[in-house]
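Take a look at the letters that make up each chain.
There are 2 protein chains.
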Amino acid sequence: MKRSIGAKTLAFPTPTWVVGTYDINGDPNAMTVAWAGLCCSVPPCISVSLRKATYSYSGIIENKAFTVSIPSEDHVKETDYFGLVSGRDENKFKATGLTPVRSELVAAPFVGEFPLVLECKLLHTLEIGLHILFVGEIVDIKAEESALDENGDPDIEKVRPIIYGTGSRSYYGIGRDLGKAFSIGKER
Amino acid sequence: MKRSIGAKTLAFPTPTWVVGTYDINGDPNAMTVAWAGLCCSVPPCISVSLRKATYSYSGIIENKAFTVSIPSEDHVKETDYFGLVSGRDENKFKATGLTPVRSELVAAPFVGEFPLVLECKLLHTLEIGLHILFVGEIVDIKAEESALDENGDPDIEKVRPIIYGTGSRSYYGIGRDLGKAFSIGKER
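Quick note, the sequences are listed as chains G and E, same order.
Counting from 333, one number per residue, gives the positions in the first sequence under this note's numbering.
Counting from 333, one number per residue, gives the positions in the second sequence under this note's numbering.
Because the hints were derived from the structure by calculation, they are not lab data.
Be a bit skeptical, because a hint or two may be false.
No copy labels: a pair is met if it fits in one copy or bridges any two.
As the list claims (entries may be wrong) - Here are the simulated PhoX-like cross-link-like pairs (lysine-lysine), alpha carbons at most 20 Å apart as the crow flies:
| id | residue 1 | residue 2 |
| --- | --- | --- |
| 1 | Lys490 | Lys340 |
| 2 | Lys518 | Lys426 |
| 3 | Lys384 | Lys490 |
| 4 | Lys512 | Lys409 |
| 5 | Lys518 | Lys409 |
| 6 | Lys453 | Lys340 |
| 7 | Lys453 | Lys512 |
| 8 | Lys409 | Lys426 |
| 9 | Lys409 | Lys396 |
| 10 | Lys396 | Lys453 |
| 11 | Lys490 | Lys334 |
| 12 | Lys453 | Lys426 |
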């Protein structure tokens, strides 16, 4: 039996990603987001939604670029910190000891210690309401060697990404392998 | 050490959601998506990206509405099937035995057996490239009683959503609780 719980911003799963930007002074900033997702195959694109009030918002507008750094479980505390304070008040890289690495392709920094990084140039800006949706074209992905499988592709079980649980506001790891996509549906 | 792996549509984690639509004849259709995410808090919105070639695309355009049904691990095979075939060729609800339930709020059906359902009216359409991004305003969420916590909120551990692993194209469950958001970052 289903019950109405009202109009909420709630869905499972949502990602836990860190958006990297340079501010107007060229200082690196980073911000955790969960309102985000892949959104196009050709060109490869990802969307992240930010409030205008965030410091990162102005960084994206200024540079027409951002990165998405995907943390592993090992950095869940630093990742949470990136969502707790504003880059207006604190240099979050200095505070965490994590390394801002300048992208050679777009005007944005990424988190050196995170296993998987998407470098994006701003393609579209869509003002929805409290949040503005930015579509970034993924111009390259950088991956740690240790996060790659035998074919040289990023392996989700080696990256060990973080899931954000809306509602309870908890982080989760990924769990067991449930089967191959475009395959197990044939077995019904 | 990081290695460039090129411009790909790849990120971890991505969701596994089923978009429900009515076709031009009023028949229910459903399609699995992973290029999707929450995208605004006020109004509460979710985005799903579809190719124009899909049957569901025309269903959204026709009705200016869609639902997002969130499957649990129990229905991973049916969920994969929803992404394997086109509603042009087959009635996927009949084929799976799952129940299309008419939303009372928007012109779209949801999957009766899935624990969590978002009813959405189309707010924005953004043509990116191969994929078109649809922003839907979440007008209500319906949840199974069995998926709610003691406060009446959806519990991710009871919903047991499915994560899609891009690259390897595998499904995963959620794993262990890594801590509270907006909290564990203070402990660094």
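Open item on the list: As a check of your reading, is Lys453 near Lys512 (CA-CA no more than 20 Å) within one copy, between copies, both or neither?
Closed with: neither (32 Å within a copy, 32 Å between copies)
TODO: Check Lys453 against Lys426 for me: Cα-Cα at most 20 Å, and say if that holds within a copy, between copies, both or neither.
DONE: neither (25 Å within a copy, 43 Å between copies)
TODO: Could you figure out if Lys396 and Lys453 sit no more than 20 Å apart (CA to CA) within one copy, between two copies, both or neither?
DONE: Within one copy only: 6 Å inside a chain, 30 Å across chains, cut-off 20 Å.
Task: Within, between, both or neither, where Lys518 and Lys409 count as close if Cα-Cα is 20 Å or less - done: between (41 Å within a copy, 8 Å between copies)
Open item on the list: Checking an output row: Lys490 and Lys340, CA cutoff 20 Å. Within, between, both or neither?
Closed with: between (33 Å within a copy, 18 Å between copies)
Open item on the list: Checking an output row: Lys518 and Lys426, CA cutoff 20 Å. Within, between, both or neither?
Closed with: Answer is between; shortest inter-copy Cα gap is 15 Å, intra-copy 51 Å.
Task: Within, between, both or neither, where Lys490 and Lys334 count as close if Cα-Cα is 20 Å or less - done: Cα proximity of Lys490 and Lys334: across copies only (14 Å, versus 37 Å in one copy).
TODO: First find the shortest C-alpha distance between Lys384 and Lys490 inside one copy, then the shortest across copies, and answer within, between, both or neither for a cut-off of 20 Å.
DONE: neither (34 Å within a copy, 34 Å between copies)
Task: Alpha-carbon proximity between Lys453 and Lys340, which holds within one copy, between copies, both or neither at 20 Å - done: between (30 Å within a copy, 14 Å between copies)
- [ ] Please work out whether the CA atoms of Lys409 and Lys426 approach to 20 Å or closer within one copy, between two copies, in both situations, or in neither?
- [x] within (15 Å within a copy, 46 Å between copies)
Task: Homo-oligomer pair classification [Lys409, Lys512; C-alpha up to 20 Å] - done: For Lys512 and Lys409, the Cα distance is within 20 Å only across copies (10 Å; inside one copy 31 Å).
- [ ] Indicate which option fits the pair Lys409, Lys396 if close means a Cα-Cα distance not exceeding 20 Å: within, between, both or neither.
- [x] neither (29 Å within a copy, 41 Å between copies)
Against the hints set out earlier in the document, violations occur for numbers 3, 7, 9 and 12.
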